[in-house]
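Residue numbers (our numbering), protein chains in the order written: chain X, 1070 to 1707; chain L, 1070 to 1707.
Since the hints were made in silico from the structure, they are not lab data. You may find that some hints are simply not true.
Any copy will do: because identical chains look the same in the list, a pair fits if it lies in one copy or spans two.
[Claimed, not checked] Okay, derived cross-link-like pairs now, DSS-like style, lysine-lysine, Cα gap no bigger than 25 Å in a straight line:
1) Lys1410 x Lys1397
2) Lys1562 x Lys1456
3) Lys1634 x Lys1306
4) Lys1356 x Lys1502
5) Lys1528 x Lys1259
6) Lys1435 x Lys1626
Protein chains: 2
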Amino acid sequence: DEESLLLASTLVLDAKRGRNLEYILGNKYVKSYIFYNEPFLRWILYVFIALDLTLAIFEEPAVPNASIPYWGTMVMEFACMCYFSFRILHAMFFQYSRVFFKDAKNIIVMVSIVLTLIDMICYIIWQNMSPDTHPVRWSRPLRPLFIVNFPDGKQIRRAFRNIRRTVPDIMNVLFLFLMSVLLFGLLALKLFAKRGLKYPTGIPYFSNYFDSIWDLYVLVTTANNPDVMMPAYDYSKWFFIFFLIYLILCLYIFMSIVLATIYNNYKKNLKNEIRAAVFTKRKQLAKAFDILKVSRHDEHVITHSRWKQLMGLLLPNKSAAHTDLLMKILDTGNKNVLDKKDFLHLSDLLHLPLSEVKDRQTLFEKYFPDVYNHRYSELFKRFVRHKAFRYLFDFLIVINAVFIAIDLDVADWFFLSIFTVEILCKLYVFGAKEFFLRFWNIFDFLVIGSALMASIIEKATEKANEEISTLDVLLVLRVMRLVKIFGSIKRFKVILQTLVNIGPSIVTYGGVIFVFYYFFAIIGMELFSGYIHYYGYDEQYIGSHGTNKMLFCGNVKLNNSLFYKAHYCNNNFNDIVQSMVVMFELSVVNQWHVITSGFVLVTSKVARLYFFAFHLCCVVVVLNIFIAFILEAFILEY
Amino acid sequence: DEESLLLASTLVLDAKRGRNLEYILGNKYVKSYIFYNEPFLRWILYVFIALDLTLAIFEEPAVPNASIPYWGTMVMEFACMCYFSFRILHAMFFQYSRVFFKDAKNIIVMVSIVLTLIDMICYIIWQNMSPDTHPVRWSRPLRPLFIVNFPDGKQIRRAFRNIRRTVPDIMNVLFLFLMSVLLFGLLALKLFAKRGLKYPTGIPYFSNYFDSIWDLYVLVTTANNPDVMMPAYDYSKWFFIFFLIYLILCLYIFMSIVLATIYNNYKKNLKNEIRAAVFTKRKQLAKAFDILKVSRHDEHVITHSRWKQLMGLLLPNKSAAHTDLLMKILDTGNKNVLDKKDFLHLSDLLHLPLSEVKDRQTLFEKYFPDVYNHRYSELFKRFVRHKAFRYLFDFLIVINAVFIAIDLDVADWFFLSIFTVEILCKLYVFGAKEFFLRFWNIFDFLVIGSALMASIIEKATEKANEEISTLDVLLVLRVMRLVKIFGSIKRFKVILQTLVNIGPSIVTYGGVIFVFYYFFAIIGMELFSGYIHYYGYDEQYIGSHGTNKMLFCGNVKLNNSLFYKAHYCNNNFNDIVQSMVVMFELSVVNQWHVITSGFVLVTSKVARLYFFAFHLCCVVVVLNIFIAFILEAFILEY
Ligand code: NA
């Protein structure tokens, strides 16, 4: 009986938390499942996933001064694989085999672990046999799969499912779009090749089919507009019409259709996901009900005593009065028992923020009730709660802004202490619990708290001559303080509140984008690391102080290139951090063809395929899904 | 009685055509209103509006070789104003004064006419007093108002109404966005100014507040990414975080919110517009019903004889059988009379493409029925209608594509005649009416027909040495032929059909964008014409063959500028056509800051305001509305 109670409470918790792992309904398995859901096990998983991904910093090509011998990172990676294996075997234990092995994500995790181990063995052998042949750790692009495919990364997996379901639908549009590029490429080749035009850099203009379609593909991203048009336009004004039609069709119409398709799918998938989640939740609660129910007057119900036992497991810290109240809320017919229909609302009820009076007391009130409830204290509390208090500090921020704008830094200790006092007052009056519920309070606390700490460090150490000093951090924190003004302006409140609400989802999409970035960054490092270095651009200085090999970003092929002239040498794949920066720059799209051209010069034109694949995956698909998500989030919130 | 019949039929026509001008319900006024709606009067209006806008080609600064003395364009403009006045006075005649003068568009047209006339007088005086002071025709930016504010431009006006209603809602987001730019600008100034960094061109990096916010505003358009980051990033990798946060916030989040707001408003407005249009239509039909109704058995109905009279006016060419059929369709209760509810469906019915047998006959069938219905002819028709016929010609296009790709132009006469034969066959079998109903047939007819004509001209004249010859046109037409393959591929059909369906609306938005372009182009010509010229970029050639004034695009200030190095000199405001091209380039956004920098160099930094205003109006607002329109159109069609 205690066993069934445990099972029921686990099912209710599953419903509340939106978990949908199917486990064997035996006591041993349920206990294992409960253990599996222990937060500390999940946190250890997160730490190991993070560690596994972080290894790219220490492996060759490593971030400068962070290189570790290969056996060092391998030991760490092996530890990760061990914990991942433990985790997946644990999940295998409490699930039916047929369920477990039908789940693609379990297979993917197991295959990834095996491949990683094989790769490690291969690498060790290769490294010891012929280290000069640049041994390849080919399993590294698989690492982000662990983020996506462990059951704990539900939000991210949902986003990936969304992408997977959207791709077939946009295939038609993308295919039509690529066909159009091919057709226009042919046309451009026919029109321009025979005229022998040249770009300002002297490169021939639309001289072969591969260059022709590449230039036109880049044009859809607008990155080489209007440069790609100018030679033809200088030749004859009529050629503008060619580019006009191409851009209207491929950029404005096709790309909008891609967005429309993605947005439409996103909405549809969102609806289905919510429907599926609600269905799972009801199924779990119905199961729990069936376990707890007793027969009474031809009806299946849950009695008050059963309810108390269940609550004892679910809410062990709450008083009997509280759990009785919860039952009263559910018991719509005032029958003092819960029927199935009542019980199905339980998971929503558990989400309601019902707090008891003792919870609402501030810590200070609890331990010093006499002081806190004293007459003067009451007066002070009324003052702090009054809107004049808010206006006063809003006014002080404006004054602070003026001081910052006219570079009067001397007063900053004054402002810092004033705003610290504000936070302390609010903490006293509202208590920590209520204080930290509001976004702007957290913001304030972080900005002022960090500034306070940084100021103290700054006073204490007094070191300078570093690239970035504590002073710079202080400066940023000082200006960030001004952001609070936005929070006080009424017309911005809806927008900012929406932003705060969708913040967690934005972070999820950040995770999705990180997965793609990491995948492409690792591949990019294998393909392009070491070709381009940053040694500064002062050719005379390098000529006299360095070796000739350091000229032109360490690669003479870059001489006279746009890449070198634009000072893009730090946009390279020499370590994971710089690669990630390049990924971001490629996502912003502008000048991505110049970055590409640099790596084409030092390798070959085939390198374009890598950048093309990145653009198609990350910009056309993923970024548009992100925009669809923001669109829908804002439309729903408004 | 005849008068009321005329009024009723006019009301029904109003409902059918979606006209919503309110006129006085007297015979004289109705007749005037009917005359006002005569197509030829509207077409004359369109011609005069087009003429008025075209004048910019001939006025100073004129397109090369198209200059006309100022009195020439003034005579034409005066003619336009006369016709506009006639048109607006005509509308004034049949409307109640209070209705007429409450309508903003009438006021705008009248004020524009008056201002134009004043401007013309001013200009003549100024021109004759002191022609050297560069007299300004300041009323020219008002010209596009005539497109928008005559009642005939309903579609365009609806789009403008949409923009007007959307602007207040995005003000908050835009304001928050601009405030963020100001704040980040302050931060960037504080962080970077003291470090004395420089851009590759030697320009100081974030050295003053105005430049700082300009660079960051340009960054939101992505146009100077990653260039704007590189000096700081080369200095310290940590500064990447600043640009990352800025771009995520201002580009990805704020700009998506702007799109979301615009899209949301667009949907809302669309719904309201449709609701209002339906309401107006019902009101007009109800009015018509009230005029025609007779009392019978306590009910108001329209009798059969009344119906016949009405149809005699509305569909004078249709047979009695046809109009009786229409009445039967409306007469849901089989009462042989129409009650009000029946009658309200009339306008939808008039939109149905009901054709009589005699309409369905092809012209050939009508005049040579024996030949057309002969046994062999029937066999031939069955062959043309068979899908093998389509496959055959699809196959021939593919062959044609191969010939074009491998540059085998000799066979083109063969393909051209084959495809001409295809069109003739289809015309014979389906008749012109049915043939020209399909988009792909029209496309085919135009492409093949033009190619045929161009080929004949080419053969006949045999002239060469021109910038663009008939051969180029032929080439384009030849490649365009291949587009027909897309129409045959099933998976593309939905997309292409949607494109064809929304085509007219896209043209409407083209009109909207034209209005903004024209407005900004005229102002741009007043501000920037004559500063930058295109003389080619071969400095040695110019040095020896031309004057020194022709160096650096005719302006020594452009020496060493990015604008000159990128060969952007043809992106100038020297005539309306080139200005329009610049407008389009600015809309595509890429490198717009380089174009701006050229005009800043030859004038002053204040020039940035013009380009900023263009970006905010045309890109942030208008282009997003266009994207919202495409989004909604595709989501509705799918
Ligand atoms: Na761009």
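Tested hints:
In this assembly of identical chains, the alpha carbons of Lys1410 and Lys1397 lie at most 25 Å apart only when taken from the same copy (14 Å versus 54 Å across copies). In this homomeric assembly, Lys1562 and Lys1456 come within 25 Å of each other (Cα to Cα) only inside a single copy, at 17 Å, whereas the closest approach across copies is 62 Å. Proximity of Lys1634 to Lys1306 under the C-alpha cut-off of 25 Å is restricted to the inter-copy arrangement: shortest distance 20 Å between copies versus 30 Å within a copy. With identical chains, the CA atoms of Lys1356 and Lys1502 are never at most 25 Å apart, being 36 Å at best within one copy and 66 Å at best between copies.
For the identical chains of this complex, Lys1528 and Lys1259 are inter-copy neighbours only, at 20 Å across copies versus 70 Å inside a copy, given an alpha-carbon limit of 25 Å. Within a single copy, Lys1435 and Lys1626 get their C-alpha atoms no closer than 73 Å, and across copies no closer than 74 Å, so neither meets the 25 Å cut-off.
Of the numbered hints given earlier, the model fails hints 4 and 6; all others are met.
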